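Visitor: Now for the letters of each chain:
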Amino acid sequence: MSLILLIEQVLNGLQFGIMLFLMAAGLTLIFGVMGLINLAHGSLYMIGAFCAAAVAAASGSFILGLIAALAGAALAGALVELVVIRRLYDKDHLDQVLATFALILIFSEGTRWIFGSFPLFLNVPEFLSGPVTLPGGIEYPLYRLTLIVIGLLVALGLYLLISKTRLGVQIRAGENDREMIGALGVDIAMLYTIVFALGAALAGLSGALVGAIQSVQVGMGEPVLILAFVVIVIGGIGSIKGALIGAILVGLTDTLGGIFLPEALKLFFDPSTATSIGSSLASMAIYILMAAVLILRPAGLFGARA
Amino acid sequence: MIRETYVNALTLLLLVAIPLWAVFMDEPFTITLMTRAAIFAIAAIGLNIALGIGGLVSLGHAVFFGIGGYAMGILAHHAQTYTPLAEWPFLIDGTKSMPLIWLVAIACSALAALVIGALSLRTTGVYFIMITLAFGQMFFFFAISWAEYGGEDGLSIYIRNGFPGLNTLAPIQFYGLCFVLLCLVLLFAWKLSKSPFGLALNAARQAPMRVETVGLDPKRVKLVAFVISGVITGLAGALFADLNRFVSPTMFSWQTSGEIMIFIILGGVGRLFGPVVGALAFVALEHWLGGLSDYWHIYLGLLLLVIVLFGRGGLIGMVSGREAVHD
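Chains as they are written, first to last, in numbering that gives the first Met the number 0: chain Y, 0 to 305; chain V, 0 to 326.
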């Protein structure tokens, strides 16, 4: 087990975590401001990936594909908010779960209807393909490194948006007291649509970016959605900072656990037993992490309220 | 408008009449569909105890459904390959006997529900939903990576397990068994909702603080309800695996959790017969819409949206025109 491998795996975990952050940030924002649990967030991730794959295939430009993913997911998000989601704010969580579950069924089958069951492929663009040499002589795929940088830039942008702009003030106020900011003349309905579309755009962006390293297919969003839930539970609902730290923790645990748990167990068991137990344990590692956080801090690492 | 009692009686009548008609007309497939509906109904009655009375929105009930399924799969797998399940500390053999399998399924799901419930109930509301969903996913991935018992491919059982005095291979006899269990579970759920425990659970949902002031621990009441709920769903899982003679990680998937919840919503939350009506409606929709279009989930999704947004009280509520009694 060399140092280079370790660093590579840490970077992989970081990249995975950062992409989870893009999903979790939107979810936590939507929950924080509107009090809505949105299961259909994974569908917006899928829509982003399909928009990117379709536009990139038609135009040959990855950048156009990314723009299409952002626009498509934001548009789908705004539309869903206007037609369905805004009727759910006053309802209880059970109704929200069911209605957004129904949206998943509609989006998944609709996408299957349009694009068929076979996965689409989105290629890494020419100028981002190939490895790059990091200090210390480590070769690492340039594209994955770019994902980390984009994710961190988005995190910075979100931070600036929420702490420095007028919209950010309204979002924070909306989290604290929605009646009061309504009384102060802020168009709440509009604010909610904007926040929802923003969350959707983040999900779409992450779907498109990940779509280039995995295949673009129906149902790709839900596993990521559930991991994003784990991230939010660990980080604390409504906290963007919690989402970032939770996402990186989950990304690192999942990636490093998959590599090192079987290796570590080989010290105690014979290789085949170690591999099978290790891979089972690794697939459960992030949930064990979640359970541990829950026992120590039921409201999550940065959660203000339960 | 028809009174809810009549709707319930009519449902029971259908559950008896349709399979008998199918035997008479020699349509074994209809009996299989009805068996499927009866088993789904049992699973949903289990969830309805936690969800309808206790207000615990668990999106992880597939865990118990899957544990029941794998209890059957693993025991029968060892019995049909004549390999012992464990040799240490004492010899445990597999079995092909349904009552034994049910006992194991019940014990395992009770244990899982106790651990998951104790952890998840540390939180409430939307956290609870996310955590139960995450635990469901944990079991799903565990089942996939469990190569010894088929991993992603699951386990097939050659011959349906036996029940003393019955030929379970005859569809109508297996249906009869499931129907009797369904009736027992219904009776249990009805008794439970009227019992002091049921009342305490109802109160723990509506006003936990008041429950505490009369000296009851609302968390404990909810945990017990969660365990009972998981046990019933686990039993349904064992039956479902026996119906298909096959278990796979799909039983653990989050879609399964969602579907169990759909049964309740279609029929009506917190109503005794809600899960039964919902499961019947779901199987009928799956059969008819599935025959019309490969993309029938779109229509299911639309129907679900309409029911959630406009039709509180599910199908029973629409027919009987009343909110659930306890609301």
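Mixed in with the good hints there might be a few duds.
[As the list claims (entries may be wrong)] Which residues of chain V face chain Y? A partial, calculated answer using Cβ under 8 Å: (1) MET24; (2) LEU32; (3) PRO83; (4) LEU84; (5) GLY124; (6) MET129; (7) LEU168; (8) ILE171; (9) ILE297; (10) LEU304.
[Unchecked claim] Okay, the calculated beta carbon distance ranges per label pair: (11) V:ALA106 / Y:SER271: 52 to 62 Å; (12) V:PHE187 / Y:ALA291: 49 to 59 Å; (13) Y:ALA70 / V:CYS182: 30 to 40 Å; (14) Y:LYS90 / V:LEU284: 17 to 27 Å; (15) V:LEU110 / Y:ILE3: 53 to 63 Å; (16) V:ALA106 / Y:ILE287: 48 to 58 Å; (17) V:GLY150 / Y:ALA291: 23 to 33 Å; (18) V:VAL213 / Y:GLY115: 22 to 32 Å; (19) V:SER194 / Y:ARG86: 48 to 58 Å; (20) V:VAL213 / Y:PHE268: 19 to 29 Å; (21) V:GLY150 / Y:GLY156: 54 to 64 Å; (22) Y:GLY156 / V:CYS182: 53 to 63 Å; (23) V:LEU110 / Y:ILE161: 53 to 63 Å; (24) Y:ALA70 / V:ALA117: 44 to 54 Å.
The hints are simulated quantities; they were obtained by calculation from the structure and are not laboratory data.
Predicted, not measured: the structure shown is a model, and the values here were computed from it.
Glycine included, each C-beta is placed from N, C-alpha and C at the ideal position.
Visitor: Against which earlier hints does the structure fall short, listed by number upward?
Guide: 1, 2, 3, 4, 7, 8, 11, 12, 13, 15, 16, 18, 19, 20, 21, 23
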